[in-house]
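Undergrad: Protein chains in written order, with the working numbering: chain A, 1 to 429; chain B, 430 to 858; chain C, 859 to 1287; chain D, 1288 to 1399; chain E, 1400 to 1511; chain F, 1512 to 1623.
Treat each hint with caution, since some may be false.
Under the rule of at most 25 angstroms between Cα atoms (straight-line distance), these lysine-lysine pairs were calculated in the BS3-like manner [claimed, not checked]:
1. D:1304 / B:632
2. B:561 / B:636
3. A:201 / E:1478
4. C:1248 / F:1590
5. F:1528 / C:1061
6. F:1528 / F:1590
7. A:203 / E:1478
No lab work stands behind these hints, which were simulated from the structure alone.
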Amino acid sequence: MDSGNAAWMLISASLVFLMTPGVAFFYGGMVRAKAVLNMLMLSTAALVVTGVVWTFWGWSIAYAGNDIGGIFGDPGTGFLLHDVIQVNDDGVYTSIDTNATTYPHIIDVAFQVTFAMITVALITGAIAERVKFSTWMLFVALWITFDYAPMAHMVWNGGLLSPDGAISQWIGAAAHDFAGGTVVHINAATAALVTVLIIGKRKGFGKEPIKPHNVPFVMLGAFLLWFGWFGFNAGSAFAANGTAGYAWVSTTAATSAATLGWLFTERIRTGHFTAIGAASGMVAGLVCITPAADVVSPLAAMIMGVIAGIATCCACSLKFKLGYDDSLDVVGVHGVGGFLGTVMLGFFMANTGLFEGGDWRQLAVQLVVALLAIVYSAVITGIIAFALEKTMGWRVSERDEVMGIDMADQGERAYDFAGMSTAILKEVK
Amino acid sequence: MDSGNAAWMLISASLVFLMTPGVAFFYGGMVRAKAVLNMLMLSTAALVVTGVVWTFWGWSIAYAGNDIGGIFGDPGTGFLLHDVIQVNDDGVYTSIDTNATTYPHIIDVAFQVTFAMITVALITGAIAERVKFSTWMLFVALWITFDYAPMAHMVWNGGLLSPDGAISQWIGAAAHDFAGGTVVHINAATAALVTVLIIGKRKGFGKEPIKPHNVPFVMLGAFLLWFGWFGFNAGSAFAANGTAGYAWVSTTAATSAATLGWLFTERIRTGHFTAIGAASGMVAGLVCITPAADVVSPLAAMIMGVIAGIATCCACSLKFKLGYDDSLDVVGVHGVGGFLGTVMLGFFMANTGLFEGGDWRQLAVQLVVALLAIVYSAVITGIIAFALEKTMGWRVSERDEVMGIDMADQGERAYDFAGMSTAILKEVK
Amino acid sequence: MDSGNAAWMLISASLVFLMTPGVAFFYGGMVRAKAVLNMLMLSTAALVVTGVVWTFWGWSIAYAGNDIGGIFGDPGTGFLLHDVIQVNDDGVYTSIDTNATTYPHIIDVAFQVTFAMITVALITGAIAERVKFSTWMLFVALWITFDYAPMAHMVWNGGLLSPDGAISQWIGAAAHDFAGGTVVHINAATAALVTVLIIGKRKGFGKEPIKPHNVPFVMLGAFLLWFGWFGFNAGSAFAANGTAGYAWVSTTAATSAATLGWLFTERIRTGHFTAIGAASGMVAGLVCITPAADVVSPLAAMIMGVIAGIATCCACSLKFKLGYDDSLDVVGVHGVGGFLGTVMLGFFMANTGLFEGGDWRQLAVQLVVALLAIVYSAVITGIIAFALEKTMGWRVSERDEVMGIDMADQGERAYDFAGMSTAILKEVK
Amino acid sequence: MKLITAIIQPIKLDDVKAALAAVGVHGITVSEANGYGRQHGHTEVYRGAEYTVDLIPKIRIEVLADDADASTLVDVIVKAAQTGTIGDGKVWVAPLDSVTRVRTGETGSAAI
Amino acid sequence: MKLITAIIQPIKLDDVKAALAAVGVHGITVSEANGYGRQHGHTEVYRGAEYTVDLIPKIRIEVLADDADASTLVDVIVKAAQTGTIGDGKVWVAPLDSVTRVRTGETGSAAI
Amino acid sequence: MKLITAIIQPIKLDDVKAALAAVGVHGITVSEANGYGRQHGHTEVYRGAEYTVDLIPKIRIEVLADDADASTLVDVIVKAAQTGTIGDGKVWVAPLDSVTRVRTGETGSAAI
Ligand SMILES: Nc1ncnc2c1ncn2[C@@H]1O[C@H](COP(=O)(O)OP(=O)(O)O)[C@@H](O)[C@H]1O
Ligand SMILES: Nc1ncnc2c1ncn2[C@@H]1O[C@H](COP(=O)(O)OP(=O)(O)O)[C@@H](O)[C@H]1O
Ligand SMILES: Nc1ncnc2c1ncn2[C@@H]1O[C@H](COP(=O)(O)OP(=O)(O)O)[C@@H](O)[C@H]1O
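The shape of chain A in the complex, shown without the other chains (with noise of 0.2 angstroms):
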């Protein structure tokens, strides 16, 4: 047992739990001001349901459960936390651990937890100002157990997908995912896109202009991002250790680069260096870096974080085009950034990426890996998503989403700064 370890842990943790309010503001200030309390009550639920889901079975699907057929755990052996949690003799809790552990068993339910919030809720971007709370509160639930704790124990907990899985032995190289490039980025961005295929385009997409209604708040989310990042890769060292601190180096050079890559694309496009474009990049960046934090050299990350940044920047023109409505481009930053990050390292990681090593196997099994997730997310969503559309529903009302889904869902409007609103007031039977 190692103390620092355990610190560092804790504080990992509760930097990535800091990415969902993140993620909240960072949305929130994209979408219009009729909408913002709407989309800051999806990462809500994202925090809420998952937290409640989690302590029951999400935990024990993903990490603690016996293995089924290298897809999930069962719910059971780690129900309610049984697994991990004893009480001392003057009653209070602490961790069950073997001698093999550096920290405290129990802090992994913690930092896994918020990977679990922050995946789900960046799903949250692609369905902006239309959806029920309530639709998507129950969504949160299905999808964590059904697609989030699987996908964990897959790629992380020796699954089909993970370095010592069928996959990765069939290539004959283990498959890399440092931090959730397929787990959380693919896992998310093939979520998103399939949801909004199910439920459709906000009213006036690619005819009115939809513009964001507070890029403060846009730039602080992306920077409370950058900063819970450094729990999310620098912690998935799962140690106080050299490699926690070169997640951390390369992390801050690839999305450095990534945003800057970003920003001179727009440049070229359209003749400005913008605030959205800025807080753009450096997700792109950062979501790149995310499964090789740990394996590519600062240079080859600085590289990886450019080609994120233009590509990401390309990519969000897309949904105009192919015409649905994935309002805040989950799909063109985390897809497309996720993907990069996640195929890229077959090229630039240490001994065995092409570029290093010579060997195409790393690269292949990067490859499958990523496909195989995209097809098991869109199976599973799909299901879900149509689901819910076919019973709950997921959309309000038209003439709610043109007045307003805040007003409408949440009964709130965000922002009184006239104060003029005469009012009648009403108690609250």
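Position chains B, C, D, E and F with the ligands against the provided structure of chain A, taking the given hints into account.
TA: What follows is chains B, C, D, E and F with the ligands alone, placed relative to chain A:
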């Protein structure tokens, strides 16, 4: 000496520090635009006045001084922190430690000052939009000295209400307050109620609508509070160990459940899932689990959370019925939540709770300690608040209140989006 | 190797990172609504340009390279961080460490890059509302390379101005700069003044009112700065030990005292306790204690804070008298505060300060080092800023400045609360 | 038809609305405005600078009325909006050629 | 010269603008307003309290027009702004003594 | 009595205010507006999309004046507000039936 514990306590202190800014925005978003700066300033005074008072004598009264009657420590022993610091040969300050300490003693000063700051900051929600900054600064100094520091001494430093104190010995069970159900929440809420009764209602309270001016700020504040609360609760294990990890997890589970509890209650009462409700539910859950985060099971934590969410949601309407203007519901959220947490712990505590061990004594001691804390806080706060009312006076003029306290007391306006203001510029002499 | 120290330095690096977003909002709230995005973008460039430059050669010039004339390190030795990283057998990067290191060496790269980021970001306050983002990006690259990295080398890596350097040896006392009084604050403020003299005033400066557009953002920024400063100061102990704990405590005490010092000064001068004043006082206190947080007593820290609060409050009016448009008072706050902190340390430092040991030499060395830092910074910055003025040019057109630099340079508007904008939507080609 | 425009103190909006409702006026249009006049502005303070802000927040109320009602309504508004301090504002009445209700296309008195 | 003022639903701004452009009106002035009338406001909820907000966001459009065009433009606006639900707003026409273009000092029809 | 309404460029507000003060007008009402006209809007860019914003921020100034002063004041405003570029705005004058000062109930010239 364990550097891992030291690292964790340093960061926990920093996280708890951030809670006061969290409170500032949580409250600041809820007031009208004309009073947001005053609201932020009240929390600022909580930081800076406490920062000075604690360094001079607060630390000594609470933790360093020799116990006087189980109520407080003498202010002299640890005056200006003399008891915990020493100078190395090279002129660098460091901590005075014994073999028993698991992290440098001086870090306790840091960790505990942040608790004092946030506790007094909580009170500001009750007195929003109407009190003079100058009177409030003096209140903070007096309240930290005569209320908070003794209360911390009584509960957490072997005093009257501590697990080893007279009350616990008399009842035969060790009172448990992990991270501040009594010291922080019951204490602040009682003080808030007493102060409000002395200073009176805002003009228009209960008649005119008084609506939040910036709900995203409320959410930002709530998110920062949750984030900071990891230091508050998990830091209260005073080590980077399994109990810290468990407190992190139980805090998240309870908070998630409480948010859902509040939201569904609200949906039934008003038809909406509101953002203010989500933010409030989070805080209610955090408050409720605070005294108990280390000693209740994950399921119990979630049950406590749901109950707290429902109860605080209902309690917030009471002020209209009872006619006191606890403007932002310090009593409804922190009072009710803190009391429920402290008492429900008597049912759910592992080994000794009524439901776990079948013994009523844990419940009894929790109740008695909570009630004594209420009495102490009410008396001391009443004296301080009344004395200030009769001398400096608490409130700005009615005209200033109506026109906006920011302009009157701070001489500033919070926002200028139009940039249309024409004005005559003068240098300050 | 000590994992507790590693954990603390990892989180300290993350906290210091957050200071630059803190500065962005501190400054962003103070400008007019039409220039807030440009302001946020200048800080963003400080992050991302520094992120790239530091990885390539900044680290080497400051810390890794062989000393050249006591002024800088060669850029080759640590180019692309080659000196601190190595690849494990499994392709994972880790740190190159010696037995002497108490935490992985690579974490120093992380910790130090955040200092470089925040230092250059501070300058942006002086040049608000009028400079081109493109010119600023280039400035950042040049300034980090030729000013910041050498300055860090000189003061903190055994160079000319370090405790072991020529100046200290000549005077016979070891110059002390704990966390950056000279390297960060005096350096940035000098650069700010020189740059402002070259680029000139905003239109209307000193005639029209130029008011903050979002004071809550100013407070948010100040709070984030204080929070991040725990990493800045307590992290500068380079260990999770008693000195780190003491630096945390003295930082809080000094900052609290400085805020009160500023507020009461303002009350006397203008009759109000303002929120901008509170935020500014906090920053002034943090700046002032930065060089001295480990070597002055709690009482001395508070005295230094009060003096800094009063002095910076008065200093901010100077620009109107002297007629230079240091828009957001980088000179008044960071220059005056940093200089006072660096010099007052000569009075108050334990053992060697004039008031403590009766010896003038500590004071002398502090003064000389501060003055040399000013000279170095002024010359280098002057050359860079002047060269940019003559080539790319610094400023947007007067019309763009008046209409709002956000629209001209970023092509965006920060806020759209009414959502009334009608516009013609076009895809970007 | 007449258009009555009133510039009033923001805190008087509720009173004016109530007073108009009391005399049977159930429709008004309200917007924000800023006034400059005899009333002295506030002093605001930002770091080293002091500003006397001379634009003061006001509320503009517009009421469409039949010719016959106009002067009564002016009286009602003036009475309700009065605080007696400088800055209480102005009320003016302008003649109109026509008024139309958008929903129905009705014009004249029927449109109000 | 006439001044046509229309209070309309916010979502109809684009339609009205397009309809006016179709009949050759290329200049208008737009501002925010809040209406109080037959239309019922929303209910907002904050913690223990429920508010019925009776001021509803509207858009004000002003169009300067030659005397001859005024009634046609009123019809164009009414048609474009109609949703048929309560709260669609009002259009009124006021006579003017003069209109001047600031840039050139031109007056009358030339100024529009 | 006349009501002079001017739609001007935001940066000209101070100049107009000063010019009016110079000729003895010490009261005006100011509000925000947006204009659509000959002046081309800005292009804004958000991720994959470019917007040409055609509503441009303007300031509305209203001045109550005696019949005799109206045309002089229009000239004063036009001169002060002119930048000579497209988008400088319009000034119009409308006749009023009455003007009342809320504070005192005075009407006519005494109310201004
Ligand atoms: N000549 C004017 N034209 C237009 N509006 C005016 C005029 N004079 C005053 N106002 C408006 O009336 C408001 C009150 O005027 P002021 O002179 O301050 O007080 P009072 O009307 O009580 O004498 C001003 O804020 C402004 O909005
Ligand atoms: N008498 C009035 N004077 C000025 N504005 C009015 C008047 N009556 C209605 N309005 C404006 O017209 C809007 C629509 O009126 P309302 O009575 O709600 O619906 P409708 O015109 O469809 O009957 C109101 O919101 C208000 O802005
Ligand atoms: N017909 C009109 N009715 C009302 N306002 C108008 C009209 N035409 C122009 N405006 C206002 O005048 C402003 C300036 O008009 P514009 O055509 O852009 O320039 P200019 O007046 O210099 O020719 C517009 O932004 C708008 O606010």
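Undergrad: Which hint numbers does the structure go against, in order from smallest to largest?
TA: Going through the list in order, the structure violates hints 3, 4 and respects the others.
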